[in-house]
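Participant: Listed below, chain by chain, are the residues.
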Amino acid sequence: MKIIKRSKNPKNNKVFSQNDSNSVPAEQKESLAVSTNVTENLKKFKAFLGDSADAVFREFKLGMSGIKCAIVYVDGLTDRTLINDHILKPLMYQVAIPETNTNSNPNHHELFEIIKSNAFPLGDVKEAESLDEAFLFLMSGEIVLIVDGVQKFLIGSARGWRDRGINEPQSEMVVRGPRDGFTETLRTNTALIRRRCRDPNLCIKTIRLGRRGKTDAAYIYIKGVVAQQLVEEVERRLQTIDVDIILDTGQIEQIIQDNYLTLFPQIQVTERPDKTIANLLEGRVAIMLDNSPFALIVPTTFYQYFQSPEDYYDRWILGSFARLLRLTGSLLASMTPALYIAMVSFHPGYIPTNLVLSIAATRATVPFPAFIEAILMEITFELLREAGARLPRAIGQTISIVGGLIIGDAAVRAGITSPIMIIVVAITAIASFIIPSYNAAVAVRMVRFPFMVVAASFGIYGVILFFIVICIHLVNLKSFGVDFLSPQAPFVYQDWKDFIIRFPQQMMKQRPLSYYAVDMDRRDQDDIKGTRV
Amino acid sequence: MLKKLCLLTMMTLVSLSLTGCWDRTDIERYAFILGIGIDKGEKDGIVVTYQIALPQGIMAAGQGGGGGESTVEIKVDAVNKKNADQKLLSKTNQIPNYSHLQVIVFGEKLSKEGIREHLDFFLREPEMRHLTKVLISRGDSEKVFKVKPKNGDSTSQYISEMLEQTQRFSLSVPKYVDLGMLQRKLAHPSDLLLSKVSKIDDMLSVEGGAVVKEDKFIGWIDSKQAIGYKLFPITLNRNI
Amino acid sequence: MKQRLDGISNIQITFLISSAITGVTVLSLPRIASEAAGTDGVFVILIAGIVSSSILVLIALLANRFPKDTIIEYSSKIITPLPGKAAGVGLFIYLLGVSGTVLRNFADVIKGFILRQTPLEIIMILFAFTVLYMVLKGILTISKMCELFEPMVIGALGLLIILSFKNFNIENLYPLFEKGVNPYLRGTLDLLPVFLGYEILLFVFPFARNKSNVLKYSLFGFLMPLLMFVTLTFVAIGVYGADATGRSLYPTLQLAKYIVFPGAFAERFDIFFMIFWIFASFTTMSIYYYLASLSITRVFGLKNYKPFAVLMLPFVFMIGILPQNILQILDFSEYISLIGLGVLVFSMILLAISFILRKKGG
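Protein chains in written order, with this note's numbering: chain A, 1 to 533; chain B, 534 to 773; chain C, 774 to 1135.
So that you can see chain A by itself, here it is in the shape it has in the complex (with noise of 0.2 angstroms):
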């Protein structure tokens, strides 16, 4: 009896074909088919819009010609000016007919041809074969035109919705460096990573995802830079995608990730095009999603969790004092409630003696065991900081820090818990703020939890075993190939300059060794030549 059938390594999964999603049933192919009849057209456009407010059907006639045409458009996502500027005016007043054309019977074809090539004022114009095929340009932001007794479709691009425009990424401030983040839109977001870095070998690929969202998303690389089996497996796994919508990059990255049951996450995910581009120079990929502001980089390993742009920006003694503590901070964040059950549980030995006799006089009318203690006010913090996340930006994170602190206070007074409970959940807190990057802060925190209930059953023994086991977990986690705990195991010297202690800039003249080698063996890790070992 299989509980879990489905092989938790994506590595595995079906190839999904793209065309699959354009299928539509053979009875409907028919009525998909483009007619010379400009009426008919529309019909079939006005019969599958249904019944959509915002499509404009709009008919005229092409200058002095009399031929019948039409446009059709979504209303909302396109710019009605430049089409009734640049479309409509010059089709419908200024389009030059050939003399050789003013017979009865005007050749539809070469007028379609030179409205194309002088009547179109548009970039990025193209021809549409069938309705299907037209509608996709439609729900992007086009514009089609139908000329009558022409079989196709010429479609231009009009797109002009309205944007939040770029702000400062919420998820990720800074205190020195560039302050543009991400949009919603893909083509916005494309155009901040190429100003940055004009490389022609800058390649932004597009593939589209979801079977009805259709979404466009890009992955980006440099050609000459990655190492090509890494691109070619990015490709794979987004192929692998077969889902109805995606409306984030958190699904992506959920479905294309290594290990989708680990607490830890595997992919890195970034609001600042700088920290993209700065991580495509590395050998990396990015990977956009339009409608979503969060972009994946893959590969990752667990310490880039722990940097921030600003390590770099700064001086090489300020980043690397910032990564030393941002790397004690997890360990206490995770470590600290789990510490305090031990000891004062099972080795109050080794407390110094006046700590040891203050704790003892403030747990004396404490009516929980510690362990119980620390469940409590640890639970009640996470629910204060998710409360505080839903509130307004200014409001929410006041309330729960200062809140915490104000209700740490009273129940200190009613005698539920001790004081220095409430001082050992105020470091947690504060040093899980310090993770720069949100995923993986969570996924320290929620490991203090597991923590906490080992030491409570054995004390520093237990932390220490539970230690080595996530170790263990750690150490075998690999993120498209390449081991998470790099550059610390295995060991790659010429990657420590980036590691810890931030060499100044004039020591780091090559590229990080561990994404070059990138092994994307699809054998099982441990099989070395062909025996488990």
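None of these hints come from the bench; they were simulated from the model. Virtual Cβ for every residue (Gly too), placed ideally from N, Cα, C.
Pairs of lysine-lysine, DSSO-like flavour, derived with a Cα cap of 30 angstroms:
id	chain 1	residue 1	chain 2	residue 2
1	A	Lys-497	C	Lys-989
2	C	Lys-939	B	Lys-718
3	C	Lys-884	B	Lys-615
4	B	Lys-537	C	Lys-1076
5	A	Lys-478	B	Lys-537
6	C	Lys-884	B	Lys-620
7	C	Lys-984	A	Lys-497
8	C	Lys-1079	B	Lys-537
Pairwise CB distance ranges, derived in the manner of DEER restraints:
id	chain 1	residue 1	chain 2	residue 2	range
9	C	Met-1091	A	Thr-398	57 to 65 angstroms
10	A	Lys-223	C	Leu-996	43 to 51 angstroms
11	A	Lys-223	C	Phe-1088	49 to 57 angstroms
12	C	Arg-1020	B	Lys-681	37 to 45 angstroms
13	A	Asn-354	C	Ile-943	31 to 39 angstroms
14	B	Gln-627	A	Arg-176	54 to 62 angstroms
15	B	Met-544	C	Met-1091	19 to 27 angstroms
16	A	Arg-176	C	Ile-943	50 to 58 angstroms
17	A	Asn-354	C	Arg-1020	31 to 39 angstroms
18	C	Val-954	A	Asn-354	52 to 60 angstroms
19	C	Val-954	B	Thr-545	55 to 63 angstroms
Some chain C residues well away from chain B (every beta-carbon gap over 10 angstroms; in silico):
id	residue
20	Tyr-947
21	Lys-989
22	Leu-1111
Dock chains B and C against the given chain A, drawing on the hints supplied.
Facilitator: Then chains B and C, alone, in the frame of chain A:
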């Protein structure tokens, strides 16, 4: 299938063992013994005085409260220290904890008969800190523990801190001996100079020293001799 | 631009060997040295180390003649299959025995110093399961974990040594050389088992990535513990004197207990040191247990070691439970060390035979 089976077994075993927590004792249930005094009792027995910390008293005193005892002394008659420990269990509702022992004081009379066998009990406990200082008191150690320092510290901590700071600044107080040093010296029989504590007018003084020859106390050295001793940096083994 | 990542890298070899050597014996090391030769223990350790490193070189030579096989395979090739398989079983028993001894020794120390009331079995079960978890992940994971932990262990040992200098008394080391040559000979023999750990090269060699570098890097891996051990004995005898060191059960721990971080959070250094010692014991037992499962798999000619790893766990546990008290544990360790020396002798014999009969593996 095998993998699932062993995963299941592992989880069961681990969750069963998680319910145990054999060693978990919360900190407030401990009676922290800060000082032990051993005196000669009747008929070959000893009288052991345990100075147990009352954390709330210590905290209150520390915050300028005053009032409220910071320690409580419990006297036990017994044959030897292990026996005394057993008897202590029946006299307090908390679990004795020796890991914060500051001082061990031997009474004068008992030291004359030999301290080695009593020291042995201390040295064998794995919980013992090696920083516990050993002293010999003039008269009975019981009296020493009855003196309560005015600043609210417990007697044991007071003595311990006194010895530590006189190390550097005072000439008439010889270097103190702690359990760690004793452990090494007792490997071969040797002579020791232990610290001396005496009660003078309701206050404690650690001036001078106590000479111990082959585990028997033989006499005091006063402050002048202590100065002389301290000025010559020679180890005791070669001295007497 | 793709590198072949199959196998254990150079540095991983270094740390693997180093981890296998620094195990539970670190705690009792100074005692063994003092018991054997008093104050001369320091030199005896050095000599034992040099002898062991020469054996290491010979082992590497043997393994190099059969780069693709573990000792299980090439012992069958050198001395006909039947004795070869028997030797394989013997090796398996040795490896399993070491795992069991390490497990029991470790649990004993934990029970004695950290978790007094917890039943021994529970301590052992938890440890054994964690080891099983790691062993099931394979040699690559084990190597990476050794890379991760071993530097910390060496660092902690170094810190212990440095911090103990405060209590160091050079006079405790006099007199030297007063007992003559005899103790040296006996002492070297007694101390050889302390350095056991490098024999894993017999098994691990075929999995290395760059076989030509294995000798160099495993010598590095041997050098680190050697240095640590010599200095450790030196300091231990210096602080406590040869007699006391010879009488104390775990002198290293005593050394750690005596260090004070003034006012720091963990008032006693010993628990800080214990943490890293737990890492060291963990890596040691994992390596040996892994090799035990691997060896029995190869003896049967099979490829997948994982079922054996799971099946052998109760047996290791039983070996761990066998000794009743500390004396029996010490006896047990002695027997296992003797078998270990036997393994070394056996590999020397194999080397000799392979030269004589000119057998070499592709």
